[in-house]
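Given chain G, put chain Z in place with the hints provided.
2 protein chains.
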Amino acid sequence: MVAEAKIMTVMTREDFQKLDHDDPLACFRREFYIPQDVIYMDGNSLGAMPKAASRRVGEVTDREWGYDLIKSWNTADWFNAPQRIGDKIAKIIGADEGEVVATDSTSINLFKVLAAALMINSDRSIIVMEGSNFPTDNYIAQGLVEFLGRQHQIRFVEKDGVMDAMDDRVAVVSLTDVHYKTGHRFDMHAITARAHEHGALTVWDLCHSAGAVPVDLKGANADFAVGCGYKYLNGGPGAPAFIFVAKRHQDHVKQPLTGWWSHSAPFDFTRDYESGEGINRMLCGTQPIISLCALEVGVDIMARADIYKIREKSKKMGDLFIALAEQKCGEYGFGIASPRNAYDRGSQVSLTHPNGYAIMQALIERGVIGDFRAPDILRFGFTPLYLRYVDVWDAVDILADIMANEIWQDPKYQVRASVT
Amino acid sequence: MVAEAKIMTVMTREDFQKLDHDDPLACFRREFYIPQDVIYMDGNSLGAMPKAASRRVGEVTDREWGYDLIKSWNTADWFNAPQRIGDKIAKIIGADEGEVVATDSTSINLFKVLAAALMINSDRSIIVMEGSNFPTDNYIAQGLVEFLGRQHQIRFVEKDGVMDAMDDRVAVVSLTDVHYKTGHRFDMHAITARAHEHGALTVWDLCHSAGAVPVDLKGANADFAVGCGYKYLNGGPGAPAFIFVAKRHQDHVKQPLTGWWSHSAPFDFTRDYESGEGINRMLCGTQPIISLCALEVGVDIMARADIYKIREKSKKMGDLFIALAEQKCGEYGFGIASPRNAYDRGSQVSLTHPNGYAIMQALIERGVIGDFRAPDILRFGFTPLYLRYVDVWDAVDILADIMANEIWQDPKYQVRASVT
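Heads up: the sequence lines are chains G and Z, in that order. Residues in the first sequence are numbered from 2 upward in steps of one, following this note's numbering. Residues in the second sequence are numbered from 2 upward in steps of one, following this note's numbering.
Excised from the complex, chain G in its bound form (with noise of 0.2 Å):
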């Protein structure tokens, strides 16, 4: 990593204050609940909690379970909360009503939307990954083929290599729309086009997507989706996710997880199943309610923000982010791992660096909570919402003075925990 960001050397942190005080997003900030000395950018892992999920979740248990007990499931609306919230998700998604629901978690709905792909496209045995891929994404990818007895292949590359993985055997392009580690950003559009012209099908994980950057599934003419609800939605630890088939491929579409929630009628309580309508076949069955109206707190904030505002603020602070790194902590040995070009990279910024994981530790230890992916990438993410201008300028400056100071040598930050 070369010092070369010269719009650097006249900045002050009184600057980036002043980026703050002109934010059209600040308000934002107010509405979570952000603990005292701490710059947190980790909302790429598990977003900031909602001040006002903790008292949803409060009203979920006081008086829905406690007081109206049964009840709830027709006087709160629960039994359709998946739908609920699944619209509420499609608008920042660019997806139709109808399209979402929320549901389980990535992984399942990623086997459930594999799994529907592989049916529609029966006659077909490719599915194009990426090897580098969040490993859930391969592994279920992996039980699935293994359970199909194998007559199905998975065809990895790495991100340059997608383009020319596409033939005409390819089933389907299962690929994650930013990547974990680097923030790389796929061309949905592209992408999804040249699949199409070979007659496959595509899955988007949206997973680092969902809240984060402007998604336009409608627009990519995307077939399957699903992703997160507790990183840039701020969901909840362990939020249901959701799960996006484009209308085309409802009337259709089957997938093999067929719980009563996903029946023609599942209070009739008939032997044979009939699946629902549309986008209700993805649903399976009963679903975490806590956890679930914990999500919509998050969802309903960040449909209140405009999308293009919080892709502008993240790109400057990532690049504001990269140039500070340079300037001060330009000796260290540092790489970078994400794309300098913010337009390819998703809210994130990730470095590199033999010593990460040490590094990350004495942060956290300062306030500073990024997170460390092995073997090197110390991750720092972008959370227009709640994250300040001044946090970024702050963080490099702990950062530059850990490295000075050589406080990541100390013994106490090798020990490495068991989650990360």
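Please note that a few of the clues may not be correct.
[As the list claims (entries may be wrong)] Here are the computed lysine to aspartate or glutamate pairs in the DMTMM-like style, where the Cα-Cα straight-line distance is at most 25 Å:
hint : chain 1 : residue 1 : chain 2 : residue 2
1    : G       : Lys92     : G       : Glu275
2    : G       : Lys19     : G       : Asp269
3    : Z       : Lys72     : G       : Asp395
4    : Z       : Lys182    : Z       : Glu332
5    : Z       : Lys413    : G       : Asp78
6    : Z       : Lys182    : G       : Asp69
7    : Z       : Lys160    : G       : Asp161
8    : G       : Lys248    : Z       : Glu147
9    : Z       : Lys182    : G       : Glu275
10   : Z       : Lys413    : G       : Asp269
11   : Z       : Lys52     : G       : Asp69
12   : G       : Lys52     : G       : Asp16
13   : Z       : Lys72     : G       : Glu366
14   : G       : Lys160    : Z       : Asp273
15   : G       : Lys72     : Z       : Glu147
16   : Z       : Lys310    : Z       : Asp320
17   : G       : Lys72     : Z       : Glu32
18   : Z       : Lys72     : G       : Glu327
19   : G       : Lys310    : G       : Asp395
20   : G       : Lys72     : Z       : Asp38
21   : Z       : Lys182    : G       : Asp273
22   : G       : Lys316    : G       : Asp161
23   : G       : Lys72     : Z       : Glu332
To be clear, the hints were calculated from the coordinates, so they are not data collected in a lab.
Showing chain Z alone in chain G's frame:
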């Protein structure tokens, strides 16, 4: 239904109060929030809220999510919650440590274990199920069979035909221990033994058993089981479910939903799937932590209660309910859908009546919360941790009044809600 129960002739409301006074489980009621003027007999559908669940959920949101943020995956041990809660559930259902995880939904877990059983018995093609089972069980099996290209067949039988439905072509017998409508209970030991004689595996759905009746998976030599967290375990609306795999199968068992939580080293982020050890293989993706932590509170209470005392009280309540109903409502055309012998019954009594729906609505308006299952079943659940004997008396008293004065005939009670 003929009035025949002589034991009732001398009993009064005071006698029921005396039973409560002497009830060794009476102390548990104060741990639950029960609304005033409500007799809650629907804990077999949604268990009442433990007061501690409300507190715990507030702690998960405000302290663990809000304040400790991403660190809570380690510091609050969110990551191991499925195994930790699973071990607690194991004690309630007669399983060993390491045989149960709390995760996903009953429907999804059923898909996993049915698929697992079919992979073990891959040379067999028949799944034996009860046609009148809770529909999601059948729907899941039908979806699985369809997905696998209809090489398998579901042999639907009714309860008296189960033993004779087994032969050497049967891969798996999948039954719900206690029937959702009638409360009829299977003989898990005898059926499992018969299945094993034929080389078949067993899947037991414990939705209406766990926390309601003593379950002895180990003693019965059961292979697989699933069950629900939100009924008798009082885990909250749509609480995560559980899944059991007998130790002897854990070295070779596979299931198709191979998400990263089932990987041997999920945080190594390797490309290829390598299955984890033991029961971890039954996990898939990230869990809804708020709902999961609420479940733990319900499970903790249940773990402190003596399941044999619960069973004894539940049987007695059921017997008294039937006897009272016969005495006070014998002339109004009710039938009884549940076994009269308490030993053959779970923790509910189901009456039948051609006007069952309207009668149940009238009961609910008077504060007696049971539920209705088409076409004519009125279900009354007995949850000995928070239901009192005097509630049983009062419930039947109110039912008798509704019948004697034809209150149920009011047109407002005929309007069907979308969900019951």
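key: Numbers of the earlier hints that this structure fails to satisfy, in rising order   = Checked against the structure, the hints that fail are numbers 1, 2, 7, 12, 15, 18 and 23, while the rest are satisfied.
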